[in-house]
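Engineer: Here is what each chain is made of, one letter per residue.
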Amino acid sequence: MAEKVLMKGNEAIAEAAIAAGCRHFFGYPITPQTEVAAYMSKRMPKIGGVYLQAESEVASINMVLGAGAAGVRVMTSTSSPGISLMSEGISYIAGSDVPCLIVNVERGGPGLGGIQPSQSDYFQATKATGHGDFHMLVFAPSTVQETVDLISDAFDLGDKYRMPTMILSDGLLGQMMEPVILPEHKEPTDDKDWAAKGHQGKRAHNVVNSLYIDPKELEDLNFKRFEKYKHIMETEQRAEEYLVNDADIIIVAFGASSRISHSAVDMARKQGIKAGLIRPITLWPFPEKFIKKHVGHAKAFLSVEMNMGQMVEDVKLTVKDEKPVHFFGRTGGMVPTPKEVLEQIIKINGGEC
Amino acid sequence: MTDMNILLAGFGGQGILFTGKVIAYSGLMEGKEVSWLPSYGPEMRGGTANCSVCLSDAAIGSPLVTNPDVLVAMNLPSLDKFENDVVPGGLIIVDSSIIKKKVERTDVKTIYIPASEIAENAGIKGAANMVILGKLFKETNFCTPDNLDKGLQKTIPAKKMDLLDKNRLCIKLGTEN
Amino acid sequence: MSKVMGERPKALLDVPLHYCPGCTHGIVHRLVAEVIDELGIEGKTVGVASVGCSVFTYNYFGCDMVQAPHGRAPAVATGVKRARPEDVVFTYQGDGDLAAIGMGETVHAAARGENIVAIFINNAIYGMTGGQMAPTTLPGQVTQTTPYGRDTSVAGTPIRVCELLSSVKGVALAQRVTVDSVKNVKAAKKAIKKAFEYQMAGKGYCIVEVVSTCPTNWGMSPAESLQWLRDNMLPYYPLGVYKDVGEEEAKE
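Chains as they are written, first to last, in this note's numbering: chain R, 9 to 361; chain L, 54 to 230; chain P, 9 to 260.
None of these hints come from the bench; they were simulated from the model.
Any given hint might turn out to be false.
Claimed, not checked - Computed list of chain L residues with no C-beta within reach of chain R, every gap over 12 angstroms: (1) T101; (2) I164; (3) P167; (4) A175; (5) F190; (6) N194; (7) K225.
As the list claims (entries may be wrong) - DSS-like, lysine-lysine: derived pairs with alpha carbons at most 27 angstroms apart: (8) R:K238 with R:K168; (9) L:K134 with L:K155; (10) L:K191 with L:K134; (11) P:K18 with R:K200; (12) R:K238 with R:K224; (13) L:K191 with L:K207; (14) R:K54 with L:K212; (15) P:K259 with P:K198; (16) P:K177 with R:K50; (17) L:K203 with R:K12; (18) P:K201 with R:K210; (19) R:K347 with L:K162; (20) L:K191 with L:K178; (21) R:K278 with R:K347; (22) L:K213 with R:K50; (23) R:K278 with R:K331; (24) R:K324 with R:K301; (25) R:K54 with L:K207; (26) R:K210 with P:K18; (27) R:K238 with R:K301; (28) R:K168 with R:K297; (29) L:K191 with L:K203; (30) P:K194 with P:K18; (31) R:K12 with L:K213; (32) R:K54 with L:K213; (33) L:K212 with L:K178; (34) R:K135 with R:K324; (35) R:K135 with R:K297; (36) R:K236 with R:K135; (37) R:K168 with R:K194; (38) R:K50 with L:K212; (39) R:K50 with L:K207; (40) L:K212 with R:K12.
Glycine included, each C-beta is placed from N, C-alpha and C at the ideal position.
Can you make the complete structure from the sequences, with help from the hints?
Structural biologist: This is the structure:
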């Protein structure tokens, strides 16, 4: 077995992408994700890869579109304001069915916001990253190891479904170091027969395009794409369950806030409160199956997020009116403490704190 | 030792993050769950630097240490800022060559060590952090001496391996003073 | 004197173009396709379509094509070229795309000496959206959004792209041509061919600016348009070579 090393989340993202056969990175510096770019700039030239610092996030996502359209494994990484700038390009990428990996190491917003960890881009990542009808596969790791593992999956599934995928990290997971076992390196492949890479006189020209002037044609294409999304919703939901089978109060939390919630669940259990945790690993597709299983026995749900209440809407859509759904969040770069979450659990449980 | 949450704080350039990394790596060698989280942002540009390190037998929840079991203060602003956050019964280690003030809390154990002076006298300027690490190690035994040395070796970049023995010496001085 | 000049170039697909009668896009398409044929590079060429009247170029060229967001063709082309350095990559952009919304991407692709060719159609107006002011609209020129003529005190002055890019070190070729006469068409083709050859030789960013017409939005007949181009556009946008590293190398 490979050796465990201590690695910063952001650097692990870069190394995992390289291990997954990614040799093309386009980006623009922004805190708190810059280590991804810095790592790539160091490694790519040594392995025959491409690191290019673009003039803006707008340019970098379109370089990703170009390289992805040409059929190579490609990625970019940025932090929240950068995703806003990339949203146009992401929409084109989705509309052109081009796979790529986009990493968002979230910081507080809106506007220039702050640089401390946040999860306030949940809506943006899962509902409306850009204009038009589309989705991305969105993964929310909660440890550095999981970040590494999900990057390989994100690339593979992006290729499989021909769609953009996102790793939704945050300043905490990006900056922290944890022990990690790096995966075996995969060689880059070049087997995308739809790509615009030069037809060599052997086939009709490939066109990678998102423009359809005929509304019927565009509607049909959107229908087809949403058939794919439906299949993904049915087959790709991922979540981790912790002490949920007998739980009265189930926390739903992803990424950094799930770590804190995990501690809070342990504290609650020590006090005799039957708390549990469902940790969505895919945010789109939202792991509603995992929640639905427990609606019957749970007394209440609590969505814990580092924002003003975003994922809680999906939890409510899943739980419907069958059980109360509560929300607790910190925002602006503030990280909730396990004690704060425990207080919410106690309150929901009908106790004083 | 069970779980230990450590907060190291001082000026940028004092090796705060490096020290944290040695502790984390030593913990890893010890078979513990570990995490290391630096402060980041404008403060790293010449101001204060701090770093959270968690060592645990179970998976680590929040890597952000808000109430440390151990506080290492290597400058006055850091002591002022974090003194009241230390858990009752916790430990504060103060570099007394830099901080002249005394800790006001009486419900914690405080150790004053003139780490900068000790390092300088040993001819290794700027290694106060390793002296403090030695002290912290002696007080808490967060790992075996062997694993501490392994953690140190893992943390020192290959290019700077010539500094290994100097760091070892400072750690030793920290355990002895 | 009109006669059949030759067969349809292979690199131009046998599909009806959507351009208005008298528009010079068709000529430029043909020239690009002829160059691709002559260099025998269709199988390794990737074109990047932009947004504007030339948005459908992906339907016309026989090489592989990628359609870029408005203004982003240089960035998309950068991605293609970096992924496939052995391919020949060109963008086909109008004045709004290249010199307004995409000026940042254009200047930076040029500054990186990005090994791509930009075919730049400058007709001083936004064609696709129905005749609004472009960054190259002439002072006093009437458009839908400069109904009283372009007032430079309000709307600024037109940008001379070749002149501007000639100061950028990464540019290998910056040449302005037009296609209003046989002689000029020949010169234009020569410039386009040189640009592709420079790319294949790895010389850097090449731009061929084609001063073009828009009879529909100018509100003129095709013949009137060509005369208006000669009388009004060419004085502001003089034809010529603004940068040519090949010539500079020859001098040294």
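Engineer: Now, for every hint given, state plainly whether the structure supports it.
Structural biologist: Comparing the hints with the structure gives:
{"no.": "1", "hint": "T101", "result": "holds (15 angstroms)"}
{"no.": "2", "hint": "I164", "result": "holds (26 angstroms)"}
{"no.": "3", "hint": "P167", "result": "holds (30 angstroms)"}
{"no.": "4", "hint": "A175", "result": "holds (28 angstroms)"}
{"no.": "5", "hint": "F190", "result": "holds (18 angstroms)"}
{"no.": "6", "hint": "N194", "result": "holds (21 angstroms)"}
{"no.": "7", "hint": "K225", "result": "holds (24 angstroms)"}
{"no.": "8", "hint": "R:K238 with R:K168", "result": "holds (15 angstroms)"}
{"no.": "9", "hint": "L:K134 with L:K155", "result": "holds (14 angstroms)"}
{"no.": "10", "hint": "L:K191 with L:K134", "result": "holds (25 angstroms)"}
{"no.": "11", "hint": "P:K18 with R:K200", "result": "holds (25 angstroms)"}
{"no.": "12", "hint": "R:K238 with R:K224", "result": "holds (21 angstroms)"}
{"no.": "13", "hint": "L:K191 with L:K207", "result": "holds (20 angstroms)"}
{"no.": "14", "hint": "R:K54 with L:K212", "result": "holds (18 angstroms)"}
{"no.": "15", "hint": "P:K259 with P:K198", "result": "holds (20 angstroms)"}
{"no.": "16", "hint": "P:K177 with R:K50", "result": "holds (26 angstroms)"}
{"no.": "17", "hint": "L:K203 with R:K12", "result": "holds (13 angstroms)"}
{"no.": "18", "hint": "P:K201 with R:K210", "result": "holds (24 angstroms)"}
{"no.": "19", "hint": "R:K347 with L:K162", "result": "holds (24 angstroms)"}
{"no.": "20", "hint": "L:K191 with L:K178", "result": "holds (22 angstroms)"}
{"no.": "21", "hint": "R:K278 with R:K347", "result": "holds (13 angstroms)"}
{"no.": "22", "hint": "L:K213 with R:K50", "result": "holds (19 angstroms)"}
{"no.": "23", "hint": "R:K278 with R:K331", "result": "holds (24 angstroms)"}
{"no.": "24", "hint": "R:K324 with R:K301", "result": "holds (14 angstroms)"}
{"no.": "25", "hint": "R:K54 with L:K207", "result": "holds (23 angstroms)"}
{"no.": "26", "hint": "R:K210 with P:K18", "result": "holds (14 angstroms)"}
{"no.": "27", "hint": "R:K238 with R:K301", "result": "holds (20 angstroms)"}
{"no.": "28", "hint": "R:K168 with R:K297", "result": "holds (23 angstroms)"}
{"no.": "29", "hint": "L:K191 with L:K203", "result": "holds (16 angstroms)"}
{"no.": "30", "hint": "P:K194 with P:K18", "result": "holds (19 angstroms)"}
{"no.": "31", "hint": "R:K12 with L:K213", "result": "holds (22 angstroms)"}
{"no.": "32", "hint": "R:K54 with L:K213", "result": "holds (22 angstroms)"}
{"no.": "33", "hint": "L:K212 with L:K178", "result": "holds (19 angstroms)"}
{"no.": "34", "hint": "R:K135 with R:K324", "result": "holds (15 angstroms)"}
{"no.": "35", "hint": "R:K135 with R:K297", "result": "holds (19 angstroms)"}
{"no.": "36", "hint": "R:K236 with R:K135", "result": "holds (17 angstroms)"}
{"no.": "37", "hint": "R:K168 with R:K194", "result": "holds (16 angstroms)"}
{"no.": "38", "hint": "R:K50 with L:K212", "result": "holds (16 angstroms)"}
{"no.": "39", "hint": "R:K50 with L:K207", "result": "holds (20 angstroms)"}
{"no.": "40", "hint": "L:K212 with R:K12", "result": "holds (21 angstroms)"}
The structure fails none of the hints (numbered hints given earlier).
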